[in-house]
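Protein chains in written order, with my numbering: chain A, 1 to 157; chain B, 1 to 402.
Careful: at least some of the hints might be erroneous.
Calculated pairs, DSBU-like style, for lysine-lysine (alpha carbon to alpha carbon, straight line, at most 30 Å) [stated by the list, open to error]:
id, chain 1, residue 1, chain 2, residue 2
1, B, Lys357, B, Lys182
2, B, Lys193, B, Lys220
3, B, Lys60, A, Lys125
4, B, Lys193, A, Lys146
5, B, Lys329, A, Lys146
6, B, Lys220, B, Lys65
7, A, Lys81, B, Lys301
8, A, Lys146, A, Lys125
9, A, Lys89, B, Lys65
10, B, Lys203, B, Lys193
11, A, Lys46, B, Lys220
12, A, Lys89, B, Lys203
13, B, Lys243, A, Lys46
14, A, Lys89, B, Lys182
15, A, Lys89, B, Lys243
16, B, Lys193, B, Lys182
17, B, Lys220, A, Lys146
It should be emphasised that the hints constitute simulated quantities derived from the structure, not laboratory data.
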Amino acid sequence: MGETNTAVDRLQASFPEAVLEVSVFRAQTTAVVRREDILQIGRFLKEEPDLAFDYLTLLSAVDLYPREPRFEVVYQLYSMKYRHRLRLKVRLPSEDPVVDSVVPLWPTANWHEREAYDLMGIQFKDHPDLRRILLPDDWEGHPLRKDYPLLGPSRAA
Amino acid sequence: MKSQGERREMYEPRTETLMLNVGPHHPSTHGVLRLVVELDGEYVVNLTPHLGYLHSGFEKLAESKTYHQYIPVTDRLDYMAGSYNNFGYCLAVEKLLDIELPPRGQYIRVLMGELTRIFSHLLWLGTHAVDLGALTPVFYMVGREREQIMNLFEMVSGGRLFQTYFRIGGVAADLPEGFVEKVREFVSTFPYKVDDYEALLTKNPIWMERGVGVGVLSRKDAIALGASGPVARASGLAWDLRKAHPYSSYDHFDFSIPVFHEGDVYSRYLVRIEEMRQSARIVQQVLDRLPDGPVSADAPKVVPPPKEMTLTRIESLIHHFLIMEEGFKPPVGEVYMSVESPHGELGFYIVSDGGPKPYRLKIRPPCFVNLQSLATMARGRLLSDLIAILTSIDIVLAEIDR
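Sequences are here, hints too, so could you generate the full structure?
Shown next, in the form of structure tokens:
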């Protein structure tokens, strides 16, 4: 926990403009960062020897409809060496839900990003293989969005 | 007439790869998984898994159920380890609510969790052996020991496969009379049973031939691809959430984490064999030290009052009604909580908007992430090795597709 805060301090010192917001809830730290800097920040967190966030536990997206910016992409990071966690977030507007893919940093993000694309409709720029992963290729819409009709696309109001 | 040169060209062996479709219904997938394998002769050049045949919208479903109502759904996630999914989910919601169980409740959860781990590993071992051609061990593992565990589960919760025994803030009821003795009986003989399995398999030349050096995942790749659980520990990653971030009193028990460095099919087998012994050790310790006291947290807004109280006190009746009808309302916030399920890191990321239902619930499924390393493990191996590698990951498709 304390160490994660060091990570946030380091992050704020190195990217004063890119870290938009830091919050702590139930001893878990979340940092909201600017979306254009996600790759740079990810590389910093992964490669700095005293942070070493080499393991991406989870990548997912949250739909805040009808609020704007509508989407949040969540990165749950972990360090195998120091055993600490940090949650990063990027906010995306509804008309342009695009963020850089983090596959070059954490190859495990590949399927997570495909899932976020499939179910939430987030576009990951420069993803090596951005296809639907759980739903059929010809599926319409993204079911985890809050405005998705619960009875299926054919029952849309 | 064709010239000599032209004819030679016609019969020149071609180096063209073959696309082979494995599944969706293939016995080795133990579920519905389709693999499109690119083969050069019998060697795997590349493979692409196609998922989603069992997709049932578990995460979307959470958004229209109260926190309590979602517990039975988590059982169905990884149906080989029902209680462990309950465990992860309940801990995540408890983290959100900031409540903690009394010692007896925590110990009972550990007891159920470790029995579940043995239960899951047994089925894995049995089916893995069948896939590699050893047809008899499965009868001992699935037919004998697993049956005993299912009887124990039935005794405690009424459910044999889906226990749904955990509740937010506790467990459904205290352990039934005679249960502790039955579990004691089981764990006192179980380590010898594991010795029997090992006698059948561990030094068996065919078993070793199929496993040693097959499907190697390096430590570096394991981290990069997000592998967890026995797959990661067979690749030299000494990392188990029960030790690294102890939850539910796991730090009270003495057990070790088996780690192997070869990263092959055989190491994954050895890890799980040893984990079963360690789980039996933990169960033994729980039984020896099981404290007295309540099994549920003292949180009247979350944990329903005991039945006798609802029948005699109007306040308890109202509480019960409100919790069941409306659900409790955790504060606005978000938590990520993960546990070491038999398959690896099972995590729940819950976003609460202050309402009685999760605003967003994301499951971090260990099998989904572990399956991603299949292509890395299988490249350059024979097609028959692919089957051994696939089952050595121990996937449960219901959890992968959710």
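Results of checking the hints against the structure:
no., hint, result
1, B:Lys357 <-> B:Lys182, "violated, 38 Å"
2, B:Lys193 <-> B:Lys220, "violated, 35 Å"
3, B:Lys60 <-> A:Lys125, "holds, 25 Å"
4, B:Lys193 <-> A:Lys146, "violated, 51 Å"
5, B:Lys329 <-> A:Lys146, "holds, 20 Å"
6, B:Lys220 <-> B:Lys65, "violated, 40 Å"
7, A:Lys81 <-> B:Lys301, "violated, 40 Å"
8, A:Lys146 <-> A:Lys125, "holds, 23 Å"
9, A:Lys89 <-> B:Lys65, "holds, 26 Å"
10, B:Lys203 <-> B:Lys193, "holds, 16 Å"
11, A:Lys46 <-> B:Lys220, "holds, 14 Å"
12, A:Lys89 <-> B:Lys203, "violated, 50 Å"
13, B:Lys243 <-> A:Lys46, "holds, 23 Å"
14, A:Lys89 <-> B:Lys182, "violated, 49 Å"
15, A:Lys89 <-> B:Lys243, "holds, 28 Å"
16, B:Lys193 <-> B:Lys182, "holds, 16 Å"
17, B:Lys220 <-> A:Lys146, "violated, 38 Å"
When held up to the earlier numbered hints, the structure conflicts with 1, 2, 4, 6, 7, 12, 14, 17 and fits the remainder.
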